[in-house]
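Sequences listed follow chains A and B, in order.
Residue numbers 1 to 329, in our numbering, belong to the letters of the first sequence in order.
Residue numbers 330 to 658, in our numbering, belong to the letters of the second sequence in order.
Simulated from the structure, these hints should not be mistaken for lab results.
Be careful, since some hints might not be right.
According to the in silico footprint, chain A covers these stretches of chain B (three or more CB under 8 Å from chain A) [stated by the list, open to error]:
1. 432-446
2. 579-589
3. 594-603
In silico DSSO-like pairs for lysine-lysine, Cα to Cα no more than 30 Å straight-line [stated by the list, open to error]:
4. B:497 to A:208
5. A:255 to B:577
6. A:168 to B:588
7. A:62 to B:537
8. B:528 to A:227
9. A:259 to B:384
10. B:514 to A:248
11. B:497 to A:62
12. B:556 to A:227
13. B:584 to A:199
14. A:199 to B:537
15. B:588 to B:497
16. B:584 to A:255
Note that beta-carbon positions come from the ideal geometry of N, C-alpha and C, so glycine has one too.
Number of protein chains: 2
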Amino acid sequence: MTQSHVQSDQMKTIKVVEGGALEWQTVSRPIPSIDQVCIRVVAAGVNRADILQRKGMYPPPKGCPDIMGLEVSGYVEAVGEGVDDWQLGQEVCALLPAGGYAEYAIAHHRSVMPVPEGVSLQEAALLPEAVLTVWANVFDIAVLHPGETLFVQGGASGIGTTAIQMAKAMGANVYVTAGSDEKCKACIELGADGAFNYKTSDFEEELKAVGGADVILDMVGGDYLPKHINALNFGGRLVHIAAQGGLKGEVNILKVMMKQLSITGSTLRGRNDIAKMHLANMAVEIVWPWVASGQVRPVVDSRFAMQEAEKAHDRMTSGEHIGKIMLTL
Amino acid sequence: MTQSHVQSDQMKTIKVVEGGALEWQTVSRPIPSIDQVCIRVVAAGVNRADILQRKGMYPPPKGCPDIMGLEVSGYVEAVGEGVDDWQLGQEVCALLPAGGYAEYAIAHHRSVMPVPEGVSLQEAALLPEAVLTVWANVFDIAVLHPGETLFVQGGASGIGTTAIQMAKAMGANVYVTAGSDEKCKACIELGADGAFNYKTSDFEEELKAVGGADVILDMVGGDYLPKHINALNFGGRLVHIAAQGGLKGEVNILKVMMKQLSITGSTLRGRNDIAKMHLANMAVEIVWPWVASGQVRPVVDSRFAMQEAEKAHDRMTSGEHIGKIMLTL
Chain A
1 MTQSHVQSDQ
11 MKTIKVVEGG
21 ALEWQTVSRP
31 IPSIDQVCIR
41 VVAAGVNRAD
51 ILQRKGMYPP
61 PKGCPDIMGL
71 EVSGYVEAVG
81 EGVDDWQLGQ
91 EVCALLPAGG
101 YAEYAIAHHR
111 SVMPVPEGVS
121 LQEAALLPEA
131 VLTVWANVFD
141 IAVLHPGETL
151 FVQGGASGIG
161 TTAIQMAKAM
171 GANVYVTAGS
181 DEKCKACIEL
191 GADGAFNYKT
201 SDFEEELKAV
211 GGADVILDMV
221 GGDYLPKHIN
231 ALNFGGRLVH
241 IAAQGGLKGE
251 VNILKVMMKQ
261 LSITGSTLRG
271 RNDIAKMHLA
281 NMAVEIVWPW
291 VASGQVRPVV
301 DSRFAMQEAE
311 KAHDRMTSGE
321 HIGKIMLTL
Chain B
330 MTQSHVQSDQ
340 MKTIKVVEGG
350 ALEWQTVSRP
360 IPSIDQVCIR
370 VVAAGVNRAD
380 ILQRKGMYPP
390 PKGCPDIMGL
400 EVSGYVEAVG
410 EGVDDWQLGQ
420 EVCALLPAGG
430 YAEYAIAHHR
440 SVMPVPEGVS
450 LQEAALLPEA
460 VLTVWANVFD
470 IAVLHPGETL
480 FVQGGASGIG
490 TTAIQMAKAM
500 GANVYVTAGS
510 DEKCKACIEL
520 GADGAFNYKT
530 SDFEEELKAV
540 GGADVILDMV
550 GGDYLPKHIN
560 ALNFGGRLVH
570 IAAQGGLKGE
580 VNILKVMMKQ
590 LSITGSTLRG
600 RNDIAKMHLA
610 NMAVEIVWPW
620 VASGQVRPVV
630 DSRFAMQEAE
640 KAHDRMTSGE
650 HIGKIMLTL
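Can you make the complete structure from the sequences, with help from the hints?
Quick look at the structure:
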């Protein structure tokens with residue numbers, strides 16, 4: 001291991017204690033193994049998966065620390081054996097399997113990315129999870145084409161705001177739902193061609209009225225599944241990245257056959273390092289230039305000191321946020 | 330129109346009469362329009378879709394005759410304007426949108442195929458629907474790879490016997506279900522690596538015991554859908570071509586996400602002429618050599634004179650057939 005300077009072998013991190021409360025505790029500082037990079041964290045993104053992990057419903061993969069946090073930005077602090085693509089002190093952001101809510105976090109060296117031009121080091125923490133999720137699902141799995149129509153459930157979420165901008169940057173039409181007129185307005189300002197307030201309108205009808213969808217990015221599932229099947233055009237692709245509205249949904253198989261639909265989904269965390277490397281490469285090659293040109297930017301809802309992670313989670317569960325919530329150190 | 334010789338402008342065909350009975354009636358002989366070929370039929374394949382059409386549940390596409398029959402073989406009798414790829418008198422087989430249960434049938438010239446080496450002109454009538462369906466769904470949509478495992482519901486059906494042979498010819502492992510030990514034996518003889526009698530065993534458990542499936546070709550749907558999701562490996566593809574067991578099925582969205590599954594389906598009849606041309610090209614280029622080498626052969630369950638189409642339908646609805654049922658003229 002190569003390390004920038006000798007320091008304490010301890011660090012502070014957010015731990016989930018009995019009853020689900022969060023505490024700022026002292027733990028051992030992680031040491032990068034082969035192919036790993038240790039990042040001194042300056043900011044971390046908050047994701048809904050963190051809240052599931054806090055509740056014990058989304059445990060980290062084997063071998064990963066029992067610490068929340070899927071994305072960070074900061075400085076390369078140390079590198080493990082075999083890592084020659086990152087220099088000590090370099091400003092980076094990274095996708096993590098876990099461990100972002102801490103002063104130091106370990107990433108696979110292929111999941112580390114340079115900070116794109118056009119954003120601050122802090123803001124870069126808000127890119128990895130959303131950009132790689134949208135790439136993996138909308139671009140890789142659903143193969144959205146320029147001129148096609150993407151429909152996103154939850155356009156004002158971190159994923160939603162990112163999906164709107166990335167899909168517009170590649171030349172697609174984008175329609176979204178959001179839970180308030182204010183959020184709908186924010187989505188339109190980000191480039192969405194239309195935004196439907198799901199509390200006051202029927203998205204299936206609204207979507208049909210604008211010509212239906214070719215690709216749907218969904219985080220709701222449950223009762224929305226039959227409505228999505230109805231709103232998809234011939235050859236349409238429905239991609240699930242969460243199922244906040246219910247794990248089970250009903251499929252009309254005849255409609256799937258007649259319209260040649262594809263119902264799919266994926267998780268980011270469960271992918272292996274090679275798959276994540278591919279996504280990080282696509283982000284750096286295709287999306288970072290969009291960030292540099294201003295076509296894609298992280299939408300910062302709010303910032304909290306990492307010690308106040310509980311407040312950040314309250315903000316997310318309130319559902320009032322637009323874009324991403326940041327933890328800072 | 331170019332025609333081989335002057336004849337009556339009438340022909341005999343099977344018509345569905347009041348109450349669903351079948352009658353051998355005289356109707357006008359069809360005249361090929363632009364891009365169409367008229368075939369003097371010597372044999373037609375019977376498909377389950379014919380029985381649905383007979384019941385009024387699967388009407389022919391607009392502009393097509395209200396006559397059953399999706400595949401025939403015979404001689405080119407006449408060609409419409411713009412057709413220069415077929416000669417009068419040539420032996421051919423063809424995929425049809427409708428109209429095969431007749432002395433003369435109209436096909437788009439790009440859905441006409443030469444008779445492959447290794448089969449009789451009659452037998453060639455049994456290839457188009459099954460070969461193109463398997464290509465469209467297992468090879469094109471589900472992208473079955475050599476070394477992967479295909480699972481087919483109904484291995485002894487016309488589609489099933491064809492899928493077994495085509496998948497083995499391209500180097501995949503194949504497991505199937507069938508409704509009797511005799512049918513299971515027939516599937517093994519065709520090359521299946523295993524066949525499960527669905528009346529005496531649980532296909533989900535049987536399939537898991539042999540390592541799960543990468544691709545499932547299903548004609549059942551309904552309650553099988555959750556079992557198929559359970560039996561699919563990571564990255565698995567489930568393709569529906571019918572839903573004889575129920576149009577609606579339940580999907581566990583979390584399992585779809587965790588295993589990155591794809592649930593799809595298609596119909597052959599609804600495809601446009603370009604899509605069918607592609608399938609016919611693949612059949613001629615890839616599958617016809619397999620027929621010539623004996624790797625793929627039409628499994629002939631039984632032959633009936635076309636006038637006795639009702640008996641052929643009884644044979645199909647009995648569920649006792651293995652392979653394809655032929656109507657002859």
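So, going through the hints one by one against the coordinates:
For the stretch 432-446 of chain B, the stated coverage by chain A is not satisfied: 0 residues place a CB nearer than 8 Å to a CB of that chain, which falls below the threshold of 3. Counting residues of the stretch 579-589 of chain B whose beta carbon lies closer than 8 Å to any beta carbon of chain A gives 9, which reaches the threshold of three, so the coverage claim holds. Closer than 8 Å: that is the beta-carbon criterion, and the stretch 594-603 of chain B has 4 residues meeting it against chain A, so the requirement of 3 holds. Under the criterion of a C-alpha separation no larger than 30 Å, the hint pairing residue 497 (chain B) with residue 208 (chain A) is inconsistent with the structure, at around 43 Å.
The straight-line distance between the Cα atoms of residue 255 (chain A) and residue 577 (chain B) is roughly 10 Å, inside the 30 Å bound, and the hint therefore holds. Taking the CA atoms of residue 168 (chain A) and residue 588 (chain B), the gap is about 29 Å. The hint holds against a cut of 30 Å. The straight-line distance between the Cα atoms of residue 62 (chain A) and residue 537 (chain B) is roughly 24 Å, inside the 30 Å bound, and the hint therefore holds. For the hint pairing residue 528 (chain B) with residue 227 (chain A), the CA-to-CA distance comes to about 35 Å; that exceeds 30 Å, so the pair is violated.
About 23 Å separates the Cα atoms of residue 259 (chain A) and residue 384 (chain B), which keeps this hinted pair within 30 Å; it holds. Proximity of residue 514 (chain B) to residue 248 (chain A) is assessed by CA-CA distance (about 37 Å); at most 30 Å being required, the pair is judged violated. Distance restraint check for residue 497 (chain B) and residue 62 (chain A): the Cα-Cα separation of roughly 38 Å exceeds the 30 Å cut-off, and the hinted pair is therefore not satisfied. With a C-alpha separation of about 23 Å, the suggested pairing of residue 556 (chain B) with residue 227 (chain A) holds against the 30 Å cut-off.
Between residue 584 (chain B) and residue 199 (chain A) the CA atoms are separated by roughly 29 Å; this keeps the pair inside 30 Å, and the hint holds. About 43 Å separates the Cα atoms of residue 199 (chain A) and residue 537 (chain B), which puts this hinted pair outside 30 Å; it is violated. A C-alpha spacing of about 25 Å is found between residue 588 (chain B) and residue 497 (chain B), which places the hinted pair at or below 30 Å, so the restraint holds. Proximity of residue 584 (chain B) to residue 255 (chain A) is assessed by CA-CA distance (about 21 Å); at most 30 Å being required, the pair is judged to hold.
Of the numbered hints stated above, those contradicted by the structure are hints 1, 4, 8, 10, 11 and 14, listed in ascending order.
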